[in-house]
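Throw the hints in and build the complete structure from the sequences for me.
So the protein sequences, as listed, match chains A and B. First residue of the first sequence? That's 5 in our numbering, and the numbers climb one at a time after it. First residue of the second sequence? That's 2 in our numbering, and the numbers climb one at a time after it.
Listed next, the stretches of chain A that the computed footprint assigns to chain B, with coverage defined by at least 3 CB atoms under 8 Å from CB atoms of chain B:
1. 28 to 41
2. 45 to 54
Pair ranges (Cβ atoms, derived):
3. A/Val53 with B/Arg154: 42 to 52 Å
4. A/Ala39 with B/Arg161: 28 to 38 Å
5. B/Phe60 with A/Gly82: 47 to 57 Å
6. A/Trp73 with B/Phe60: 44 to 54 Å
7. A/Thr77 with B/His57: 40 to 50 Å
8. B/Glu14 with A/Trp73: 40 to 50 Å
9. A/Gln54 with B/Arg161: 45 to 55 Å
10. B/Ala146 with A/Val53: 43 to 53 Å
11. B/Ala53 with A/Ser81: 43 to 53 Å
12. B/Ala53 with A/Trp73: 34 to 44 Å
Hints were generated in silico from the structure; no laboratory data involved. C-beta: ideal position from N, C-alpha, C; glycine also.
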Amino acid sequence: MNQHEELNQPEELHLVDESFAEVEEHLAYALRPVAPPNGFADRIVARAVQISPSTRAKVVEMTGRRRLWTGWTIWTSGAIAAALLAGFFITGQTRARHQRQEVERAEHQFEVALRITDETLEQTRQQLHEAGVDLGN
Amino acid sequence: MAIKIDEFRRLIEIHQRMVFSLSLRITGDYATAEEVAQDVFLELHRSCDRLAGADHIRFWLRRVTVHRATDALRSKALRPEAAAEEWMEEKHVATAPGNSSAAVQARIEDLLRAMPEPLRIAVVLRYQEEMLPGEIALLLGHPVATVKSHLQRGLKLLRRKAGVTMKEYVRESA
Chain A
5 MNQHEELNQP
15 EELHLVDESF
25 AEVEEHLAYA
35 LRPVAPPNGF
45 ADRIVARAVQ
55 ISPSTRAKVV
65 EMTGRRRLWT
75 GWTIWTSGAI
85 AAALLAGFFI
95 TGQTRARHQR
105 QEVERAEHQF
115 EVALRITDET
125 LEQTRQQLHE
135 AGVDLGN
Chain B
2 MAIKIDEFRR
12 LIEIHQRMVF
22 SLSLRITGDY
32 ATAEEVAQDV
42 FLELHRSCDR
52 LAGADHIRFW
62 LRRVTVHRAT
72 DALRSKALRP
82 EAAAEEWMEE
92 KHVATAPGNS
102 SAAVQARIED
112 LLRAMPEPLR
122 IAVVLRYQEE
132 MLPGEIALLL
142 GHPVATVKSH
152 LQRGLKLLRR
162 KAGVTMKEYV
172 RESA
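Here you go:
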């Protein structure tokens, strides 16, 4: 027996004994459906129209605009971040090049100084040799 | 996709008395009942494409109304049964002496509002919607025996109280 057949069993109609008949009668009378307030359907329809497809389309349009705005914001943020990174990279490269140039310059100065010292020493040795002083080598 | 507005209005006109009355008798509050009933129909507007046929729509409306009204009852702390002390009283004043059927109807509605929620829902579905216990069980997702028990307890409470009340009406009307 399926549920539908079970529901239609006659004994289901007799919930309680006959002494309840009067109460059931009063209940059936008292619980007749009542009409809703005036304008009930109109108010619901008005609310339904507020969320109708045209309204949804506007919401979709707004959402699309927001997506565009969000996309633009993401691209802009990305571009700014990339520019900053590029700036940091270029600054770093420039600073490294300057440091390298300073090192080269210092090395060059050191070599010049060394050469001058060698030449001076050589001249001194020569003068001492001419003066008859033998330094040994 | 939601249904067309004309079709939606037709569904409202067919079912509005049922939905509003169920909501009113469960919540016991006129404004809340209208609010719940409106929300139920708006939910129908969104869900209509999933419902097949008039019987399915009626079943869906009854079930959703009972659930939403019960939710409203709890969330708004509307507790009609808070007046349950009335069940212990032995005398009530008739609201409309001389108009006994209207007075009895009003009194029964008062008594119903004071009834515990599960009993009230079962009684309203049985006597307003003329549903069988098996149909109520299917709608509420309860065993049939539970629904029958709620109905019997509800009727016993009503008979006990209404018996006293009716005598008072008769006495005052005489």
